[in-house]
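Numbering-wise (our numbering), the sequence shown opens with residue 1 and increments by one.
Source of the hints: derived by calculation from the structure; they are not laboratory data. Among the hints, a few may not be true.
Claimed, not checked - Have a look at the derived ranges for each label pair, beta carbon to beta carbon:
1. ASP15 x GLY53: 34 to 42 Å
2. VAL26 x LEU6: 14 to 22 Å
3. PRO43 x GLY16: 16 to 24 Å
4. ASP48 x ASP15: 30 to 38 Å
5. HIS36 x PRO8: 18 to 26 Å
6. ASP44 x GLY16: 35 to 43 Å
7. PRO43 x VAL21: 16 to 24 Å
8. GLY53 x ARG17: 15 to 23 Å
9. ASP44 x ARG17: 29 to 37 Å
10. TRP51 x GLY16: 28 to 36 Å
11. GLY52 x THR13: 27 to 35 Å
12. GLY52 x LEU30: 12 to 20 Å
We treat Cβ as the ideally placed atom computed from N, Cα and C, and that holds for glycine.
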Amino acid sequence: MEFGVLGPLAVWTADGRPVRVPELKVRALLADLLVHEGRPVSPDRLADDLWGGGRDGPGPAAP
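Construct the entire structure; sequences and hints are all you get.
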């Protein structure tokens, strides 16, 4: 897989075919993981990055 993160997130297969990632939160999650390439990212960090630290709306369920 190849990823483009300068500008809108883009994803391609190994043979160059584009991969459609239409969901906003999925694109945001993928971009967040790509930024932290090779390092573990805690669920709390991902939740903060995706929903913000002071989220009042829908988000992951509390443990």
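Holds or violated: 14 to 22 Å for the Cβ distance of VAL26 and LEU6? Between VAL26 and LEU6, where Cβ atoms are some 19 Å apart, the hint holds.
Does the hinted range 29 to 37 Å hold for ASP44 and ARG17 at CB? With Cβ atoms ~35 Å apart, the hint holds.
With respect to the beta-carbon atoms only, verify the hint that PRO43 and GLY16 lie 16 to 24 Å apart. violated, 33 Å
The hint says 27 to 35 Å between GLY52 and THR13; measuring C-beta to C-beta, is that right? holds, 33 Å
The hint says 15 to 23 Å between GLY53 and ARG17; measuring C-beta to C-beta, is that right? At 38 Å between Cβs, range violated.
State, for the Cβ atoms of TRP51 and GLY16, whether the hinted interval 28 to 36 Å holds or is violated. Holds, at about 34 Å.
Please test the hint of 35 to 43 Å on the beta carbon pair from ASP44 and GLY16. With a Cβ separation near 36 Å, ASP44 and GLY16 satisfy 35 to 43 Å, so the hint holds.
34 to 42 Å was suggested as the range; check whether the CB atoms of ASP15 and GLY53 agree with it. holds, 40 Å
Kindly confirm whether 12 to 20 Å is satisfied by the beta carbon distance between GLY52 and LEU30. The hint (12 to 20 Å, Cβ to Cβ) holds, given that GLY52 and LEU30 are roughly 18 Å apart.
Check the following: the C-beta atoms of PRO43 and VAL21 are separated by a distance inside 16 to 24 Å. holds, 21 Å
May I ask you to test the hint 30 to 38 Å on the CB atoms belonging to ASP48 and ASP15? holds, 36 Å
For the pair HIS36 and PRO8, does the Cβ-Cβ distance stay inside 18 to 26 Å? holds, 19 Å
Violated hints, in rising order: 3, 8; the structure is consistent with all others.
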